[in-house]
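Enquirer: Sequence:
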Amino acid sequence: MLCLLYFLKNYKKYIKILFFGIIITIITNLMTIFLSVISGWLLTSTFFFTLTNISYNYIVPSAIIRLISIIKTFTKYFEKIIKHDNTLRLLKNLRIIILRKIFPLYPSNFKYLNNSNILNTLISDIEILDYLYIQIISPIISLFITTIILLINLSFFCFILSIILFLILFFSLLLYTIYFYNLSKPIGKNNIYFRNEYYFYMSNYLYYQTEYRIFEGINIIRKKINFLEIQWQKIQYKKNNYNSQSQSIIIIINGINILILLIYSNLYLFNNFNSKFYFLSFLLCLITLSNMLLPIGNIFHNISEILLSAKKIFMIIHQKPTINFLKINKCLKKYNNNIIINIKNISFHYPQQPLLILKNLSLFINNNEKIAITGHNGCGKSTLLMLLTRAWDPTKGIIYLNNINLKLWNLPSLRKNISVINQRVYLFSDTLKNNLLLDKQNDCNIDYKYLIKIINLVGLNKLINNSQGLELWMGEGGRSLSGGELKRLAIARAILHNGNLILLDEPTEGLDHITSYNILKLIFSIFKKKTIIIITHNINIIKKMDCIYFMDNGYFVEKGHHNYLVNKKGKYWNYIKNNIENNKDGI
145 MLCLLYFLKN
155 YKKYIKILFF
165 GIIITIITNL
175 MTIFLSVISG
185 WLLTSTFFFT
195 LTNISYNYIV
205 PSAIIRLISI
215 IKTFTKYFEK
225 IIKHDNTLRL
235 LKNLRIIILR
245 KIFPLYPSNF
255 KYLNNSNILN
265 TLISDIEILD
275 YLYIQIISPI
285 ISLFITTIIL
295 LINLSFFCFI
305 LSIILFLILF
315 FSLLLYTIYF
325 YNLSKPIGKN
335 NIYFRNEYYF
345 YMSNYLYYQT
355 EYRIFEGINI
365 IRKKINFLEI
375 QWQKIQYKKN
385 NYNSQSQSII
395 IIINGINILI
405 LLIYSNLYLF
415 NNFNSKFYFL
425 SFLLCLITLS
435 NMLLPIGNIF
445 HNISEILLSA
455 KKIFMIIHQK
465 PTINFLKINK
475 CLKKYNNNII
485 INIKNISFHY
495 PQQPLLILKN
505 LSLFINNNEK
515 IAITGHNGCG
525 KSTLLMLLTR
535 AWDPTKGIIY
545 LNNINLKLWN
555 LPSLRKNISV
565 INQRVYLFSD
575 TLKNNLLLDK
585 QNDCNIDYKY
595 LIKIINLVGL
605 NKLINNSQGL
615 ELWMGEGGRS
625 LSGGELKRLA
635 IARAILHNGN
645 LILLDEPTEG
655 LDHITSYNIL
665 KLIFSIFKKK
675 TIIIITHNIN
685 IIKKMDCIYF
695 MDNGYFVEKG
705 HHNYLVNKKG
715 KYWNYIKNNI
725 ENNKDGI
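If you want our numbering, it's the position in the sequence shown, counting the first as 1, plus 144.
Hints in this document: simulated from the structure, not taken from any laboratory.
Be aware that a few hints might be false.
[Stated by the list, open to error] The list that follows gives simulated cross-link-like pairs (lysine-lysine, BS3-like), each with its CA atoms no further than 25 Å apart: (1) K551 x K577; (2) K157 x K383; (3) K329 x K456; (4) K157 x K236; (5) K672 x K687; (6) K540 x K577; (7) K688 x K712; (8) K383 x K368.
[Stated by the list, open to error] Computed Cβ-Cβ distance ranges for the label pairs, DEER-style: (9) I365 x L263: 14 to 20 Å; (10) Y337 x T217: 40 to 46 Å; (11) V701 x K378: 28 to 34 Å; (12) H520 x G704: 15 to 21 Å; (13) S268 x V701: 46 to 52 Å; (14) Y337 x P556: 36 to 42 Å; (15) G619 x Y337: 28 to 34 Å; (16) I548 x S669: 26 to 32 Å; (17) Y351 x L232: 26 to 32 Å; (18) S206 x S268: 46 to 52 Å.
Positions of the beta carbon are idealized from the N, C-alpha and C atoms, including for glycine.
With the hints as extra help, turn the sequences into a complete structure.
Expert: Dropping the structure here:
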């Protein structure tokens, strides 16, 4: 329930427009009741006065009916506009809040969340919170006030009767709320679970359809999706069944109130001619009110689902970044091609995994030095790069960048000084220009000619040999890139970023020998005046580096030039020898 209070607190900035929307809804409800009462009174009067041959003025009530109809039409129109405008504002505000909370988060924050979960939260869970205003707050408040106004008027007619009707309505709706809330708890939980699972497997099916076909897994995932869809449909069927039950109960509750009114009128009002008009008016009021209460039958069995979605969103919003950067710039700037790295006795393990990945590592890299880190898979090479970019902080030890503790660098300064080429290069569904510029899309210093020059430099000139040029659409619905082209794109991004420290994680992984050779040649020619750290198993890269660090089980066990380490015939030599035997490749 605290989660809901948080979201209700966010409604404060829209309190005036929300209040205005509720007032309009109350006016619409009252106009509906007045229209029903006056129409009923007009028809009844016409019948009675016709029997007694008494003439009466029917023009005035007819005019009032038309006036009320016009007012009701206008209020209903503005009610819909205000309600949906409020909803869109609230949902937009919630999505902005979530995105602002997500952007500063780091890998450890997303340990239990994947992309489909986040997307599902931004779309489905937030839209479920839409019920909080449209189907809960606004209808309940407006119907409560409308009912109170109606019963106050009824009290002038008969105080005891109004109290009886109010108590029946109040306690029956209270029991009704508790019953359907408890009944729908497992339904709401299962509905969210199967919906999330369905979206997850469907997104996987669409995204990895080629891989599923290659490995003959397409039928397996289709069966899984069909199973989830059937289960989800069963949940929807139960929800619809509860809808029908809840509406039936509301009709019964209103039927009981109408029956009490009929019995009371028969006992006390039968011989009172004027009272018959009052009785008829309140009978029509109760019938109209029963029609107004029907929509709230869908509310209470959705509350558990709303609470679960609110809890999920609340969990994301209140996650604290595991890495905190300084907001002030403590004399940090972009150094002129000078980067010195000093890693002192760092150890690291992932949260809730006590086993150390890195163990008491120390490393010193001079300006413009090119080093390679190699070793068996899972020994901690990529983790070390993540520590250098502060995706994680070391559990123990200190990393110095230009003799300043890495924790004292603010985020913009650190990002300006480091360029990263990951093993997996992402191609965004956007133009070629935006895929190159990324965060520099608003940089006025980068012109068209400079981009063309870089594209030609990295060998992607065939991408611009068309009428679209830099506006060529890439990714989904556009031009896809091969593995080699993706690596060239990553190098072009690194050139534009112009960091002084270049971090490369398996830059030639999955490429053929010719493409690998061309990529290597490009890297060493373009970044020859930069400090480079490469993680690789490729012997052709290793041989060209100033220094090689061989990592095993979280330690640097050997370091030196390729020839020195081979002649030493230690762990590095055995590693190289095994690679040669496995790949049938010469040194």
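Enquirer: Against this structure, judge whether each hint is valid.
Expert: Right, here's what the structure says about each hint:
A C-alpha spacing of about 33 Å is found between K551 and K577, which places the hinted pair above 25 Å, so the restraint is violated. Simply put, K157 and K383 have alpha-carbon atoms about 34 Å apart, too far for the 25 Å limit, and the pair is violated. Annotation: proposed proximity of K329 to K456 holds, straight-line Cα distance about 16 Å (limit 25 Å). Restraint check for K157 and K236: satisfied, since their Cα atoms lie roughly 13 Å apart, inside the 25 Å limit.
Simply put, K672 and K687 have alpha-carbon atoms about 16 Å apart, close enough for the 25 Å limit, and the pair holds. At most 25 Å may separate the alpha-carbon atoms for a hinted pair to count; K540 and K577 exceed this at roughly 42 Å. A distance of roughly 18 Å separates the Cα atoms of K688 and K712; the hinted pair therefore holds under the 25 Å criterion. Between K383 and K368 the alpha-carbon distance is near 23 Å, which keeps this suggested pair within the 25 Å criterion.
In this structure the hint that I365 and L263 lie 14 to 20 Å apart at CB holds, the actual value being about 19 Å. Between Y337 and T217 the C-beta distance comes to about 43 Å, which sits within the given range of 40 to 46 Å. A C-beta distance of roughly 58 Å is found between V701 and K378, which places it outside the suggested range of 28 to 34 Å. Under the hint 15 to 21 Å, the C-beta atoms of H520 and G704, about 18 Å apart, fit the expected range.
For S268 paired with V701, a C-beta distance near 50 Å keeps the hint of 46 to 52 Å intact. Y337 and P556 have their C-beta atoms about 41 Å apart, which keeps the hinted 36 to 42 Å range intact. At about 31 Å, the beta-carbon gap between G619 and Y337 stays in the expected band of 28 to 34 Å. The given range of 26 to 32 Å is respected by I548 and S669, whose C-beta atoms sit roughly 30 Å from each other.
Judged by the Cβ atoms, the range 26 to 32 Å given for Y351 and L232 holds: they are separated by roughly 30 Å. S206 and S268 have their C-beta atoms about 49 Å apart, which keeps the hinted 46 to 52 Å range intact.
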